[in-house]
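Bring the two chains, given one by one in their own frames, into a single complex with the hints.
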Amino acid sequence: MRKLLVLTLLSLLVFASAALAQDESQLRITFSWDTDIDPAVGDDFSSSHALANIYDTLVFPNNMASVDPWVAESWEISDDFLTITFNLRQGVLFHDGSELQASDVAYSFDRLRAVGEGYAYLMPDATAEAVDDYTVQFNMSQPDPFAVDKMIRLYIANEDVVRANYDMESDLYGEHGDYGRNWLLTNSAGSGPYEVTDYPLVGYLEMRRWDSWWNADNFHENAADVVTYVDTTEAATVRSLMLNDELEITDAWQSIEGLQALDSVDGIDVMAIPSMTSFYYMMNTRLAPLDDVHCRRALAYAFDYDQVVALEWPGTQAMIGPVPQSLGGHTSDLTIYSRDLDKAREELAQCQYAANIADYPVDVHWISQVPFEEQFALLFQANMAEIGVPVNVLSTPWGTVVENAASMETSPHIVTIYVSTDLPEAGLMLQQRYTSPTANTWQQNEWLLDEDLDARITDALLTMDRDERFAKYAALQQEIADQSYSLFLYDQLEKHAFKTFVDWRPEENSRVMGYQIFAPFIGVDG
Amino acid sequence: MAEIAVSPVPEVIDAAALARIQRQNRRENLGRMWFKFSRNPLSVIGLLMVIAIILLAIFAEFVTPFPDHVRPFTDFVNAKKPPGGEYLLGTDQFGRDILSRIVFGFRFSLLMAVVVLTLVVPVGVTLGMVAGYFQGTIIDTIIMRITDIFLSVPPLILALAIASVLTPNLTNSMVAVSLMWWPWYARLVYGLSSALRTEYFVSSAETIGARTPHILFREILPNMISPIFTKMSLDVGWVIIIGSMLSFLGLGVQEPQPGLGTMVAKGSDYLPTGQWWMAIFPALAIVVVVLGFNLLGDGLRDLFSAEEV
Chain V
1 MRKLLVLTLL SLLVFASAAL AQDESQLRIT FSWDTDIDPA VGDDFSSSHA LANIYDTLVF
61 PNNMASVDPW VAESWEISDD FLTITFNLRQ GVLFHDGSEL QASDVAYSFD RLRAVGEGYA
121 YLMPDATAEA VDDYTVQFNM SQPDPFAVDK MIRLYIANED VVRANYDMES DLYGEHGDYG
181 RNWLLTNSAG SGPYEVTDYP LVGYLEMRRW DSWWNADNFH ENAADVVTYV DTTEAATVRS
241 LMLNDELEIT DAWQSIEGLQ ALDSVDGIDV MAIPSMTSFY YMMNTRLAPL DDVHCRRALA
301 YAFDYDQVVA LEWPGTQAMI GPVPQSLGGH TSDLTIYSRD LDKAREELAQ CQYAANIADY
361 PVDVHWISQV PFEEQFALLF QANMAEIGVP VNVLSTPWGT VVENAASMET SPHIVTIYVS
421 TDLPEAGLML QQRYTSPTAN TWQQNEWLLD EDLDARITDA LLTMDRDERF AKYAALQQEI
481 ADQSYSLFLY DQLEKHAFKT FVDWRPEENS RVMGYQIFAP FIGVDG
Chain Z
1 MAEIAVSPVP EVIDAAALAR IQRQNRRENL GRMWFKFSRN PLSVIGLLMV IAIILLAIFA
61 EFVTPFPDHV RPFTDFVNAK KPPGGEYLLG TDQFGRDILS RIVFGFRFSL LMAVVVLTLV
121 VPVGVTLGMV AGYFQGTIID TIIMRITDIF LSVPPLILAL AIASVLTPNL TNSMVAVSLM
181 WWPWYARLVY GLSSALRTEY FVSSAETIGA RTPHILFREI LPNMISPIFT KMSLDVGWVI
241 IIGSMLSFLG LGVQEPQPGL GTMVAKGSDY LPTGQWWMAI FPALAIVVVV LGFNLLGDGL
301 RDLFSAEEV
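Chains as they are written, first to last, in our numbering: chain V, 1 to 526; chain Z, 1 to 309.
Hint data in this document are derived by calculation from the structure and do not stem from the laboratory.
Because the structure is a prediction, the values reported are computed rather than measured.
Please note that the accuracy of each hint is not assured.
Unchecked claim - Covered stretches of chain V (in silico footprint by chain Z; criterion: 3 or more residues with CB under 8 Å from a CB of chain Z, positions within the stretch not fixed):
no.	segment
1	231-239
2	305-317
3	365-376
4	387-397
Ideal Cβ positions, reconstructed from N, Cα and C, are used throughout, including at glycine.
Next up, chain Z with everything else stripped away, as it sits in the complex (with noise of 0.2 Å):
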C-alpha cells in the first residue's frame, strides 16, 4: 500500500501571516494579469489613451486655452478661423475654439458612460440574476416578458423615442440610454445565473438553509463577475457613440455646453461650404474616445476569458 503523502497543517493559523500571503498572492495575481494584458500593444495603447482623456476631461478647466468658450460667449469676428495660430484646431460659426470644445465635450461623453453604467448594470443584473434564478416561475415570466419587450423595439429608436418626449439635455439623454441599456445585461445574466442555479455550491448553500439574498449576492454574482466586468468595458465606447448620435440629432447636451455630437451635426453645414474642421475634429475626437475605451476593453476581454480558461 502507497503511502500517502499529506503536508503538514500547522495546528494554529497565525492571522498575520495569512494576512500577509494574501496580500501577497493578490499582487503576484495582479502583477501575473498586467504580464497578459501588456503581452498585447494595442490594449496598452488604448488603456493610455483612456487616461489621457480621462485626465484631459478632468482638467479641462486649466489645459484648454480658451475654457471661457464653453460658457455664454460669442466672438463673430474670429468665426470660422481654420486650423493653425492662436485657434490650434480653428473656430466654430460663433468664434469658439474647437479645441477647448472638444476637451469639454470628454466631460460630457465620459459622464454620459459613467452615469449609464452606473444605473444600468446594478438594476439589469439584478432582474436578470433573481429571473434566471426563479427559472421557470411567474417571477421569471414577468421579468423576461419585459426584458423581451424593450429588446424587441430597435435601440436606437427607443432613445430617440424616449429623449425627444422629454425636454433634450444630458440628464434626459441619459435616462433615454439607460432605458434602453439595462435589458441587454439583463439577458446575459439571466443565461449566466439560470446555469449557475444548478451548480453544486447553490444546492449545498440552499440545503443549508442560505437565505435567496445570500444565494443570489454571495453564491451566484461572485461567479459573474468577469463576464459582466467585460461586458462593460466594451459597452463604455457603444454608450459613447449612442450619446453622440443622440447630441448629433439635438438630444443631448445643449449650448453653449460642447456635446461632441451636437459639433459634428453643426458643424456638417459648413462642410459644403468649405469650413471642414468644425465637423471633421469633433468627429475624430468621437473616434479617439470611442477607439480608446474599445482597444482597453478588448484587451480586458482576453484578460478575462483567459482567467477563465
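Bound-form chain V, shown alone (with noise of 0.2 Å):
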C-alpha cells in the first residue's frame, strides 16, 4: 500500500514538472560549435552570442555604430585621452546575487590580458585600476580613439566565484592557478540577463533568465525563460526540428536551397541581416606556393568572383578589398583582382614555382558546418585547373580549423572563414586580420608576422584626427590587396530562418557579433 502511494506521488511529480516544464516559454537557436563561454576565451560567433547574454559590458553597442551607457553609467576622457574614467551603476548583481563592482571590472580585465585569448588583442594597452567600489579608472599607454568602444568585449566576470574556483594544481598563472579556466568552460559568473544552467560543452547550452538582472525592465515582455543554443548545423536535423516546433531560429549557416524550402513553410520566414562579416579565402603566406606573392596573385586572377556572389543569397555584394564595406574607413577606391586568365597565367609565369606547380598543390580547407562552402571551394578547384595549379579541397570541422591555426606548421594552405570585426571601422578588421597578435587564431591564417605591418596598422587606429586615420586605412588597404595575402569573397548577409511567432527585430540591434540574436529583446510566444 505504501509502495503504491509513493508510486502514485512519484508520477504526480513527474507529471506535474512536465507541465511545469510545458509552460516555460523557450528560444533554441542551433549554432556551429564549440562554444566557449569563458569571458577570457570565446571569440567566434556561437561564443560571442552566448557571452552577449551571460556576461554584462561597460558599455553597450547600439545600431548607429556606437555605444550606450550599460553597466557604466557615464565615463570621462582626460584631456590627453591617457585616462579614462568609467562610474559605475549601483546594485548591479551578479548571478549569485552579490554587487558587480569596479574591482569585479579590474579584475575582468587583468585576467582577459594575463589569458591572452578571445578578445584580449582588442583590449587597449592600459592598467585598470578601481579607485572606489563604483569608479574604475583605465590608464593607457597611448591615446586609443576606440578605448571605450572596445569595452564592448570587456565581459565582467564575478571575482569572488572566479576566485573561489580557481585550480592551484595548475601552474599556468602563477599565484592565479589556472585563472578558474577549467570551472568557467561549463559555468558562468556573470550578472548578465541569461545564466548558464547546464552546458556538457557538447551537444547544447541551457541558459535561465535571470530576473533579478539589473535591466529587467528592459526585457521583451515575452522574453524566453529558457534559451538553449543547439550544437548542429546539419541540414536535415535542422530542418526537421523546425518542423517539429523544437527549433525558433536557425544557424547562420543553411544552405540557399535549405532556407528556401524552409521559407515555403506556413509558419517559418527567413531573414538576411547586413552583418560586419565578410568571407575570406586566408592564404598561409608561409607555405610553398603561397609564399610568393605571384602565385597568391595568380590565384586571385583566376577566381570567379561572379559566380561566387551569385551563388550567395540575393542582395549580397562582392567584397572591394580587405575589409567589409559598411566600416567606416573602407575605400572604393582600389585597385582589385576580377577574373582574368590571362593576367593570372602571366603572374603565374613569375611565380619561382612556375616550372613544376604540378608539384605543389593547394590545399583548401572549408568548414564542414558550412556545407554550403563546398561549392565555392569546387568552383575554386575548377578555376586553379584552368591555369594549371592542383588544388585538394578537404573538409574540416571547425574546432579543428581552430587547433590548426594555432601553429604554423599545421596551419594549411587556404582556409575560408567568415570573420566580423568588433566595432564598425576599417583599421580594427585590419587589425585583428593582419597583425601578429592573431597570427595563432583562426582570425589570420596568413602568418604575416610584418612587425612594420603591425606598426603601421596601429599607427593608423591610434590617430585620432578621422580623415587623416581613414587616409591611412585606405593606404593600408591598398597594399594588403597588393600583396594578395588574401582572397576576398563576399560581404556576408547572415542569414536565418525563424517561427513567425518570434518577435526579433534584430536591425534595431549593433550589428556587432553577438548581438543580432539578443535574447532579452526577442519575444517568444509561440
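What follows is the structure in C-alpha cells.
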C-alpha cells in the first residue's frame, strides 16, 4: 500500500514537473560548435552570442555604430586621452546575488589580458584600477580613439566566484593557478540577462532568465525563460527540428536551397541581416607555393568572383578590398582582382614555382559545419585547374580549424572563414586580420608576422583625426590587396530561418557579432 | 576364391597422353561446375551484373557522356537539373552529370573491394593457419588473442576510428577497412586448420620429416581453398557497403572524385527540397553493385559446398 502511494506521488510529481516545463517559454537556436563561454577565451560566432547573454559589459553597442551606457552610467576621458574613468551603476547583481563592483571590472580586464585569448587582442594597452567601489579607471600608454567602444568586449566576471574556483594544482598563471579556466569552461560567473544552467560542452548550452538583471525592465514582455543553443547545423536535423516546433531560430549556415524550402512552410520566415562580416580565403604566406606573391596573385586573378556572388543570397555584394564595405574607413577606390585568366597566367609565369607548379598542390579547407562552402571550394578547384594549379578540397570541422590555426606548421594553404569585426571601423578589421597578435588564431591564417605592417596599422588606429586615419586605412587596404594575402569573396548577409511567432527585430540591434540574436530583446509567445 | 579383377596398368605412362587426359578432366570439371552454376538463374544474373559493372568501370572514360565531370569542374548554370534530356540521371548541386559520376564511382567501389581483399586474405589466412596448426601453443595464444581484441570492437566503429585518425582519402579508408577485416579470415581459417592438423595426410607428412612451411602451404592450405573462396565472394559486397558507409561519412574518396557513399550523403541534403535524384540514383547504384556480387557469391557458395559434399 505504501509502495503504491509512493509510486502515485512520484508519477504525480513527474507529470507536474512536465506540465511546469511546458509552461516555460523557450528560445532554441542552432549554432556551429565549439561554444566557449569563458569570457577570456570565446570570440567566435556562437561564443560571442553566448557571452553577450551571460555577461554584462561597461558599454553596449547600439544600431547607430556607437555605444550606449550600460553597467557604466557615464565616463570621462582625460584631456591627454590617456585616462578613462567609468562610473558604474549601483545595484547591478551577479547571478549569485552579490553586487558588481569596480574591482570586478579591473579583475576581468587583468584576467583577459593574462589569459591572452578571446578578445584580448582588442583591448587597449592599459592598466585598470578600481578607484572606489563604483569607479574604475583605465590608464593607457597611448591615446586610443576606440578605447571606450572596445569595452563592449570586456565581459565582467564575478571575481569572488572565479577566485573560489581556481584550480591551484595548475601553475599556468602563477598565483592564480589556472585562473578558473577549467571551471569557466562549463559555468558562468556573470550578471547578464541569462545564466548558464546546463552546459555539457557538446550537444547544447542551456541558459535560464535572470530576473534580477539590473536592466530587467527592458526584457521583452515575452522574453524566453529558457534559451538553448543547439549544437548542430546539419540541414536535415535543423529542418526537422524546425518542423517539429523544437527550434525557433536556425543558425546562419544553412544553404540557400534549405532556407528557401523552410521559407515556403507556413509559420516560418527567412531573414537576411546585413553584418560586419566578410568571407575570406585566407592564404598561408609561409607555405609554398603561396609564399610567392606572384603565385598568390595568380590565384586571385583566376578565381571567378561573380560566380561566387551569384551562388549566394540575392543582394549579397562582392568584397572590395580587405574589409567589409559597411565599415567606416573602407575605400572603394582600390585596384582589386577580378577574373582574368591571361593576367593569372602572366603572374603564374613569374612565380618561382611556375616550372613545377603541379608538384605543389594547394589544400583548401572548408568548414564542414557550413556545407554550402563546398560549392565555392569546388569552383575554386575548377578555376585553378584552368591555369594548371592543382587544388585539394578538404572538409574540416570548425574545432579542428581553430586547433590547426594555433601553429604555423599545422595551418593549411587556404582556409575559408567568415570574419566579423568588433567595431564598425576598417582599421580594426585590418588589426584583427593582419597583425601579429592574431597570427596564431583562426582570425588569421596568413601568418604575416610583419612588424612594420603591425606598426603602421597600430599607428593608423591611434590617429585621433578621422580623415587622417581613414587616409591611412586606405593606403593599408591597397597594400594588402597588392600583396594578395587573402582572396576577398563577399560581404555576408547573415541568414536565419525563424518561426513567425518569434518577435525578433535584429535591425534594432547592433551589427556587432553576438548582438543580432540578443535573447532579452526577443519575444516568444508560440 | 573369387578372382580379383585388376585393371591393367601400363608399364610406361605417356607424358603427353597424361597431360591430355588432365586437360580433358579439367575441362569436364569446369563444364560440370558451369552446368551446376547455371541451374540457378539468380547466380547467372549476378554474374552478368558483375561483368557489366566491371566493364563499365574499366571503360568509364569512353562510355560516360561527361568524363570531365569527375575532375575539377563546376557548371552552376546546369546545377540540379532533373533526370532526362542531356543528363539522363540529372545533375548534382555543382552541375555535374550524375550518371557519369556513378559509373566512375563503380571504379572506386571495385578498387576498394579488390585492394582490401588482396591485403586481408593473405594476412588473415596465414595467421589463422599458423595459429590453428600450432593450436595450444604460445603462438596460438598470441595470434588468436590479438584477433579476439580486434573482433571485440564493433567493426564499423573500428573502421571509423581508424579512418578519422588518418587523413580522409581512398587509401586510408582501404587501410581502415583492411584492419577491421583480417580477423574474420583468421578466425575462419583457424577453425579449419586446427581440424585439418589431426588428419592422416598431415601426420604422414610430419612423419616423413616435411618442413612446417611445406605442411602449412602444401598440405593444409589447398584443403581450405573452397571455404576461403566462398567467404571472399560473399565479402566483396560487404566491403563495398562498408567502404560506402565510410565515404557517406566523408572519410573515403574525396571531391571531386566520385564516391557512391559521398554522393548519397551530399544528395540527401537535397531530399527535403525535392531534388531526389541526387541521392536516390547513387543509392540505387550501391544496391545494384552489392546485389550483383551477393547473387554471384551465393551461386559460388552453392557450387563449392556441393563440390565438398
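Check: For which of the previously enumerated hints does the structure constitute a violation, in increasing order of number?
Finding: none
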